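Undergrad: Sequence:
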Amino acid sequence: RAQAAQKREKEERQKAEKLANVLAKLGISAEEAMKM
Numbered sequence: 334r335a336q337a338a339q340k341r342e343k344e345e346r347q348k349a350e351k352l353a354n355v356l357a358k359l360g361i362s363a364e365e366a367m368k369m
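Under my numbering, think of the first position of the sequence shown as 334, with each following residue one higher.
Hints may be right or wrong, so weigh each one.
To be verified - Cut-off 25 Å, straight-line C-alpha distance, at most; resulting in silico cross-link-like pairs (SDA-like, lysine to any residue):
#1 Lys-368 to Gln-347
#2 Lys-368 to Glu-342
#3 Lys-368 to Glu-350
#4 Lys-348 to Ala-337
Claimed, not checked - Computed spacing ranges between beta-carbons, pair by pair:
#5 Glu-342 to Met-367: 31 to 41 Å
#6 Lys-368 to Ala-335: 33 to 43 Å
#7 Gly-360 to Arg-334: 37 to 47 Å
#8 Gln-347 to Met-367: 16 to 26 Å
#9 Ala-366 to Glu-344: 12 to 22 Å
#10 Arg-341 to Met-369: 18 to 28 Å
#11 Ala-335 to Gly-360: 36 to 46 Å
Hints were generated in silico from the structure; no laboratory data involved. Only a predicted model underlies this, so the values are computations on that prediction, with no experimental measurement involved. Note that the Cβ used here is the ideal one computed from N, Cα and C, for glycine as well.
All chains, full assembly: derive it from the sequences and hints.
TA: As structure tokens, then:
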């Protein structure tokens, strides 16, 4: 059960990183995105 949670957490982090990379390419910093 713990492994499944870890896997999901890892996937969420990868998704967040991908989103951050896309936003960075658009010139939006992570900090600005958090404010929105």
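Undergrad: Now, for every hint given, state plainly whether the structure supports it.
TA: Hint by hint, here is what the structure shows:
At roughly 21 Å between alpha-carbon atoms, Lys-368 and Gln-347 fall within 25 Å of each other, so this suggested pair holds. With a C-alpha separation of about 23 Å, the suggested pairing of Lys-368 with Glu-342 holds against the 25 Å cut-off. Straight-line distance between C-alpha atoms of Lys-368 and Glu-350 comes to about 17 Å, which keeps the hinted pair within the 25 Å bound. Of the supplied pair hints, the one linking Lys-348 and Ala-337 holds, its CA atoms being roughly 16 Å apart against a limit of 25 Å.
At roughly 19 Å, the beta carbons of Glu-342 and Met-367 sit outside the given window of 31 to 41 Å. The beta-carbon spacing between Lys-368 and Ala-335, approximately 34 Å, falls within the hinted interval of 33 to 43 Å. Against the hinted window of 37 to 47 Å, the Cβ-Cβ separation of Gly-360 and Arg-334 comes to about 41 Å, which satisfies the hint. At roughly 18 Å, the beta carbons of Gln-347 and Met-367 sit within the given window of 16 to 26 Å.
The hint said 12 to 22 Å for the Cβ distance between Ala-366 and Glu-344, and at roughly 20 Å that hint holds. For Arg-341 paired with Met-369, a C-beta distance near 25 Å keeps the hint of 18 to 28 Å intact. Take Ala-335 and Gly-360: their Cβ atoms lie about 39 Å apart, and the range 36 to 46 Å holds.
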